[in-house]
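Going down the list, the sequences are from chains A and B.
What the first sequence shows, in my numbering, is residues 1 to 249, in sequence order.
What the second sequence shows, in my numbering, is residues 1 to 311, in sequence order.
Simulated from the structure, these hints should not be mistaken for laboratory data.
None of the values given here were measured: they were computed from a predicted structure.
Not one of these hints is a red herring.
Taking lysine to aspartate or glutamate pairs in the EDC-like style, the calculated list, with each CA pair at most 20 Å apart, reads:
#1 B/Lys56 to B/Glu82
#2 A/Lys241 to B/Asp195
#3 A/Lys241 to B/Asp310
#4 A/Lys2 to A/Asp81
#5 A/Lys32 to A/Asp12
#6 B/Lys270 to A/Glu227
#7 B/Lys273 to A/Glu225
#8 B/Lys280 to A/Glu237
#9 B/Lys219 to A/Asp240
#10 A/Lys145 to B/Glu182
#11 A/Lys107 to A/Glu57
#12 A/Lys99 to A/Asp200
#13 B/Lys137 to A/Glu222
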Amino acid sequence: MKILVGVKRVLDYNVKARVKADKSGIELANVKMSMNPFDEIAVEEALRVKEAGNADEVVVLSIGPTQSQETIRTALAMGADRGILIETDELLEPLAIAKLFKHIVEKESPGMVLLGKQAIDDDSNQTAQMLAALTGMAQATFASKVEVDGDHLNVTREVDAGLETIRIKSPAVISTDLRLNEPRYAKLPNIMKAKKKPLDIVAVGDTGIDVSSGLTVVEVNEPPEREAGVIVGSVAELVDKLRNEAKVI
Amino acid sequence: MSILILAEHEAGALRPATLNVVTAAKAIGGDIAVLVAGQNVADVAEAASKVDGVSKVLHCDDAAYEHELAENLSALVVSVAEGYTHILFAATAAGKNVMPRVAALLDVSGISDITEVSSGDTFVRPIYAGNAMATVKSTDAVKVIGVRTTAFDDAAETGGSASIDTVAAAGASDLVNFVGQELSKSDRPELTSADIVVSGGRGMQSGDNFAMLDDIAAKLNAAVGASRAAVDAGFVPNEYQVGQTGKVVAPNLYIAVGISGAIQHLAGMKDSKVIVAINKDEEAPIFQVADYGLVADLFDALPELSAALDS
Chain A
1 MKILVGVKRV LDYNVKARVK ADKSGIELAN VKMSMNPFDE IAVEEALRVK
51 EAGNADEVVV LSIGPTQSQE TIRTALAMGA DRGILIETDE LLEPLAIAKL
101 FKHIVEKESP GMVLLGKQAI DDDSNQTAQM LAALTGMAQA TFASKVEVDG
151 DHLNVTREVD AGLETIRIKS PAVISTDLRL NEPRYAKLPN IMKAKKKPLD
201 IVAVGDTGID VSSGLTVVEV NEPPEREAGV IVGSVAELVD KLRNEAKVI
Chain B
1 MSILILAEHE AGALRPATLN VVTAAKAIGG DIAVLVAGQN VADVAEAASK
51 VDGVSKVLHC DDAAYEHELA ENLSALVVSV AEGYTHILFA ATAAGKNVMP
101 RVAALLDVSG ISDITEVSSG DTFVRPIYAG NAMATVKSTD AVKVIGVRTT
151 AFDDAAETGG SASIDTVAAA GASDLVNFVG QELSKSDRPE LTSADIVVSG
201 GRGMQSGDNF AMLDDIAAKL NAAVGASRAA VDAGFVPNEY QVGQTGKVVA
251 PNLYIAVGIS GAIQHLAGMK DSKVIVAINK DEEAPIFQVA DYGLVADLFD
301 ALPELSAALD S
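Here chain A stands alone, though its shape is the one from the complex:
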């Protein structure tokens, strides 16, 4: 079985997002960019499935600017076999991303597609579900455990009230949640080796996929600031404030 993994280049999770002065979006010039953390978990899971003997190739797909090659190289250094970049400087909506993934799925015929449950930039949480819907593949979102059982997958999912297990037929789309695994760090020799692994680059225009969107960002604003609070000196003072000032208990 082949596994296709999606990786997105995003503002590093330790960097605080700053709104651009012209309100057109978030300042991304000269800030640290990294692989979306949920995608690291997806790469790790694909590698574990392969290492357990249940897959023979891990292919990494990223859709984004030319610098996304670095993100793909990171996944290759972790152990993925080859990469594909669909290059675009536009910020595409999840629907367009899902259509481009479908395009690659049709070429590569993976038995499993692993995607992060959401990217920490737009926080959409849509692409995996959309890809499953567009391809007719089975869907398991928010996975905290994936077990390969022949041509089926048993997936435990994080839901609002706890955990749920579903059994789905391969090929399937799985989106990863935080507790699925702890991603490995790439070792230096593997980082060197990753530079020689194959990476195909395709211009988005050459895919023939319509990536237009009915959704436009009108403006981006700072969230309302909370007013600074007070430091209380004791538990007694805290309880008094909550009872008599804030009146919330």
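Chain B: place on chain A using the hints.
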């Protein structure tokens, strides 16, 4: 405009999240229909018909919808979608599982997690863990939307007298089977709808120490939550997690205990009305969003707080 809402329900009752979605639908304006799908859910359909502002209930009783499988629910929503200008879901784990499928099947963008309705086609949603608010405008013929429940009040559960129409089931996928679930049992209020939330972080040091939070939560009729660090450390199960990628809460009172205040945690609680932080590190970022901060060792402060609540 004509709005369709997919209802969420459990144990024969509407989930409060659906009442928040009805309020968002009222802000958009137009006729509001609620689709109630499940097995033996006539009571839920009846309850939905009484919700203030709802003009029609679509009731579909079929085993295919018993476990909220996304494949089956999205096919049903699409089968009844014609004529609606907006299709709304709660941005819960269940709603997020289905909403994007419906959008993709209708070949339109999904609009996740809206916190404000500016007009019938323009909405505000948080991005970058709530560090920015994006105003987005949709030109799609049908707007498929996830509603952040904490951003909208509950619609009244009485006052409506909607008609109830039965709709046909739309088939069951043979690609997916429900196997089982492990749901947490708690006497506490549900995390996302509780008036008071008491959350613990890595500073709690162990799952056993969460008993101290349970004790305080019991006295305040509060729900218990946790930071991602506490969940990742295995102190408490995943359903406790408050944050960007966990649950978003906005109670009247949020008490953060031993939580440093990482960006992704603040994303899940900073819209709470009153925030209390108890942390021994006076530099902890949580104090920047707290209305009342107490710099103290939680192992001293919690027993004291528990005693003070009795007096």
